[in-house]
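Residue numbers (my numbering), protein chains in the order written: chain A, 1 to 358; chain U, 1001 to 1278.
Read the hints as simulated data drawn from the structure, not as lab findings.
For glycine and all other residues, C-beta sits at the position ideal for the given N, C-alpha and C.
Be careful, since some hints might not be right.
Unchecked claim - Calculated from the model, a selection of chain A residues having no Cβ within reach of chain U, i.e. all distances over 12 Å:
1) I104
2) R179
3) H213
4) G237
5) S297
6) L326
Said to hold, decoys possible - Here are the computed distance ranges between Cβ atoms for each label pair:
7) U:R1107 to A:A211: 27 to 37 Å
8) A:H250 to U:R1171: 51 to 61 Å
9) U:P1193 to A:K169: 30 to 40 Å
10) A:R113 to U:F1026: 50 to 60 Å
11) U:K1075 to A:D130: 51 to 61 Å
12) A:K76 to U:P1121: 23 to 33 Å
13) U:R1107 to A:R14: 20 to 30 Å
14) U:L1017 to A:L312: 52 to 62 Å
15) A:D225 to U:R1171: 47 to 57 Å
16) A:R106 to U:P1033: 52 to 62 Å
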Amino acid sequence: MPDYMIELRDVTKRYGDLVANDNVTLQIRRGELMTLLGPSGCGKTTALRCITGHNIPDEGRVFIDGEDVTDVPTYKRELGMVFQSFALFPHMTVFGNVEFPLMIRRMNKAERREWVMDALRMIRMEEYEDHYPRQISGGQQQRVGLARALVYRPKVLLLDEPLSNLDAKLREEMRFEIRDLIDRLGITAVYVTHDQAEALALSDRVAVRNAGHIEQVGMPDEIYDLPQTRFVADFIGLSEFLAGTLSAVHTEERTATVAVDGLEIHVPATPEMAPGRKVLFFIRPNDIELLPASQESGINVFVGVVEKKTYLGDRSDYRVRVSEGLELRVQTDGKVRFEEGENVKVHLPIPHCRVIVE
Amino acid sequence: MTLARKYLNAILRSRKLLIQTLLLCFALMIFTPFLMIVLRSVGRGWFGRLWLPPELTLDWYRWAVEVTNIVEITKNTLVIALLAVLMSTVIAIPTGWALGRRNIPGRELLMSILLLPRMIPPIAFALGVAQIFYRTDLINTHIGVALAHVSICAPFAILILSATFEALDERLLEASGVCGANPIRTFIHVVFPLILPGVLASMIFTFTTSYNEFTLTLMTYGKDTVTLPVRTYLAIGEGYWEVTSAMSILLIIPSIIVLFMIQRQVAPEKLVGGFKGV
């Protein structure tokens, strides 16, 4: 049995001068939920359409379950797909929509009914079998879309921004429902989204995309904690970026120091670090600790003055000046309170300090 | 203040009453001429300034049927209309598909050119058609008259169908493909049911257009291809207004049947792109 359920091998897809996918290679393991995450226009939908066969790559091959399907038409690929626009057939009832893939496969009537009702039960929509799509809500329509995609037990489930057309509360509920369904069925799934929270909450692995290529593939916590490029760090969550130079590497402590605007910041060391190299230092505002001025000094503790404070309810947002040309953004939970103009100490915990060697 | 003025003020004050009055005027405008024809077709000795016919009779209908060979004429009219519908639809489906679903450069211009036959004065256009038909022996043939009708029916059909095809959501076709349906089965199960109301609408419009067409028929008909509108016109020339009126009423019957079909078989809201998906 091949290791990968889906594999894109050196896939390139162009639209005129625009390269939507530039030599993309992506391997999706059997039974995992892989998310393609990126801003709109990064080519994530194009990549998905190469898997469905709606797009034929200009170069490269596409494999599903070890079989080269690059030239296989969509209808022979045995996929299930959920669309952003739901794409339910308006002239068919809920039952008819879910039955459609089975009818196409010429399954007999009695068996069809059984499978459809199973699928409808799975999404708790069995009472709506006679309703038309326009008679049910967006969330219900998308659940029917899910049932239609899963009813014939395909090898692969593809989801193209399935929650984008739903309101925020429903989106969160559906997120868990989808994850739950996929776990129960043990199906391989590819999920396309631009919502990083959704990606982190749902996925086994995330592929962060940017302008036609993949920036980083990893588990959600890897992507969040160890972003490898500035784009990933920026896209996945708010970050402060500071340009600096590596001044020393301390092999024993497994740390290095970065000179940023007169400050010496200790960071975890990585093999490619060497003194003198230009680096990009970054830390998330909510990872920085704000301490009273009376606190003792130590490694990565700097003196600063609160320049501006913004109250955000569950947390507060501070701008702290730590040197002539350097202002840090710090977010603390509501319990830590400092006032504008107050002297403080700023602690940058070493494990949260990240460096990208340029 | 006079009573009339008081009433007028009341109308202006009450918007509902105003709208009702306007609607009533509109209805009168449409129905009065119709009422005149009905009365004329069943009245005898209705001359001068009399408001109502002095005597009622169904003789004129008997005349219309017996003297003018109305059965034959109705058959001609229907055959020509059905031929026109068939030809227009066959032309309009691929053309409408191309205009509605492909990005054709100069699409707007093409659409306006389609309506050109309607912009030329009908009699001038019909004259041109007749000259061609005399050279090609199409005068006085059912197919010829139908073909002349197609010149104005097809553009209508193309406009309706291109709008229908444009409204067809590409993503539904993609969804059908992912569900395992090949292009043929996608057409049967998804495309066809979704475009059917539009196709029917286009066929009904073409039918009524051809059925009521006068100018083009007048220039291309012969003794074997007299249609109802033309025969009605000829009857005026013969001086029998009562018979003409009776024929007009008979002429309306199939139109009413078609209208009834639209109401019953195809809900009108479906004709105007009524599928409200997302």
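So, going through the hints one by one against the coordinates:
1. Not every CB of chain U lies more than 12 Å from the CB of A:I104, the least distance being 5 Å, so the non-interface label is violated.
2. Distance to chain U confirms A:R179 as a non-interface residue, since its nearest Cβ pair spans about 21 Å, more than 12 Å.
3. Remark: the non-interface label on A:H213 is consistent with the geometry, its nearest Cβ contact in chain U lying 25 Å away (cut-off 12 Å).
4. Consistency note on A:G237: stated as away from chain U, and its beta-carbon is indeed over 12 Å from all of that chain's, at 31 Å minimum.
5. The non-interface label for A:S297 is consistent with chain U: the shortest C-beta to C-beta separation is roughly 59 Å, beyond 12 Å.
6. Look at A:L326: its CB is around 49 Å from the nearest CB on chain U, clear of 12 Å, so calling it non-interface holds up.
7. Between U:R1107 and A:A211 the Cβ separation comes to about 32 Å, which falls inside the hinted range of 27 to 37 Å.
8. Checking the proposed 51 to 61 Å range against A:H250 and U:R1171 shows it holds: the Cβ atoms sit about 57 Å from each other.
9. The hinted window of 30 to 40 Å between U:P1193 and A:K169 holds, with their beta carbons roughly 35 Å apart.
10. Distance hint for A:R113 and U:F1026: a CB-CB separation of about 53 Å, consistent with the stated range 50 to 60 Å.
11. The hinted range of 51 to 61 Å is not satisfied by U:K1075 and A:D130, whose Cβ atoms lie roughly 45 Å apart.
12. Between A:K76 and U:P1121, the C-beta spacing of about 57 Å breaks the proposed range 23 to 33 Å.
13. Evaluation of the 20 to 30 Å hint for U:R1107 and A:R14 yields a pass: the beta carbon distance comes to about 25 Å.
14. Hint check: U:L1017 to A:L312, Cβ distance near 58 Å, so the stated range 52 to 62 Å holds.
15. The given range of 47 to 57 Å is broken by A:D225 and U:R1171, whose C-beta atoms sit roughly 37 Å from each other.
16. With their beta carbons about 59 Å apart, A:R106 and U:P1033 fall inside the hinted range of 52 to 62 Å.
Hints 1, 11, 12 and 15 from the list above are not met by this structure, while the remaining hints are.
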